[in-house]
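J.: With our numbering applied, the sequence shown has no gaps in its numbers, which climb one by one up to 434 at the end.
Just so you know, these hints were derived from the structure itself, not from any lab. Each hint can be trusted.
With a cut-off of at most 20 Å between alpha-carbon atoms, the simulated SDA-like pairs for lysine to any residue come out as follows:
id	residue 1	residue 2
1	Lys-289	Phe-316
2	Lys-221	Phe-211
3	Lys-301	His-414
4	Lys-210	Asp-178
5	Lys-353	Thr-201
6	Lys-177	Asp-248
7	Lys-301	Ser-277
8	Lys-301	Ile-270
9	Lys-305	Lys-346
10	Lys-221	Tyr-236
11	Lys-173	Asp-183
12	Lys-305	Tyr-261
13	Lys-210	Asn-175
14	Lys-210	Gln-237
15	Lys-353	Asn-391
16	Lys-221	Lys-252
17	Lys-317	Leu-283
18	Lys-289	Leu-345
19	Lys-177	Glu-167
20	Lys-346	Leu-283
21	Lys-210	Phe-194
22	Lys-380	Ser-406
23	Lys-174	Tyr-162
24	Lys-209	Arg-164
25	Lys-289	Asn-315
26	Lys-374	Ser-406
27	Lys-210	Glu-187
28	Lys-430	Gly-365
29	Lys-430	Gly-280
30	Lys-289	Asn-326
31	Lys-228	Thr-257
32	Lys-380	Arg-198
33	Lys-210	Ser-382
34	Lys-342	Arg-322
35	Lys-305	Gly-390
Per label pair, the in silico range of CB-to-CB distance:
id	residue 1	residue 2	range
36	Val-306	Tyr-162	28 to 36 Å
37	Asp-233	Phe-194	30 to 38 Å
38	Met-319	Lys-209	37 to 45 Å
39	Ser-242	Gln-310	25 to 33 Å
A virtual CB, placed ideally from N, CA and C, is assigned to each residue, including glycine.
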Amino acid sequence: MNEQNKIYYDRIAEAIIYIKKNFKDQPSLDEIAERVHISPFHFQRLFTDWAGVSPKKFLQYTSVEYAKRILKNQKSTLFDATYQTGLSSTGRLHDLFVKIEGMTPGEYKNGGQNLAINYSYAESPFGKILVASTSKGICHMSFADDEKKAFKVLQQQFSNANFKQMVDRIQQNALFIFNRDWKELNQVKLHLKGTDFQLKVWDTLLKIPKGGLSTYGTIAKMIDKPKASRAVGTAIGNNPVAFLIPCHRVIQSTGDFGQYHWGSVRKTAMIGWEASKTDID
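Make a model of the complete structure from these sequences and hints.
T.: Structure (structure tokens):
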């Protein structure tokens, strides 16, 4: 890292610390930029390049994460979360939750209450899979080497949802991924919640063809965040839908396959399997 980049890195790190310490005051772009001695215009561009999101988005994410911790306390109200987060109104809290979490604050507090989720276990070329769906689409897919542990992870994501073990057409269509090309699966729908950044990364992963590979840096460039490779890696690691959203097709720039949430050996096997299928096709 050259001296100029080191200075920029230190300034952005200082800005992140400042936002995390002062988010309850909802500081403006000008206030944060002044704190790190950079013009607002220049700061906006630098922060977005280094952090992968704008200062405003980072402040919003920080605020929502704090509000989520408050709402986990069953005695806390939406007004409590709004006031303690420094937001101007419960309407503002509502808008942020819908935009960032894909649900209202009330729905988050209820842990998915009244949400009906079907789930089932299926065999794949790479081991048993747990697949779950709502009426809108696939909400979760993971490798289930331990069925009870895999189901517990699903429950933690939707703590108050109504779960029913049954196979439905949405799940069946999704499982065709193991014997058909993704491009043919136009009936597969996903029901995901995540930040704008995460959703953008996951959408970009869907564009990697079967048998193809990409790198974290390439994904970052594809979403116009060339310096956000680390943030891209975090978003990929949080992918809630194994194989359908092909995070296994992303490797390190050195050519090393790297780590994988469900095991590096499994990742290697999937990459090899897809390559052989592509050769046959």
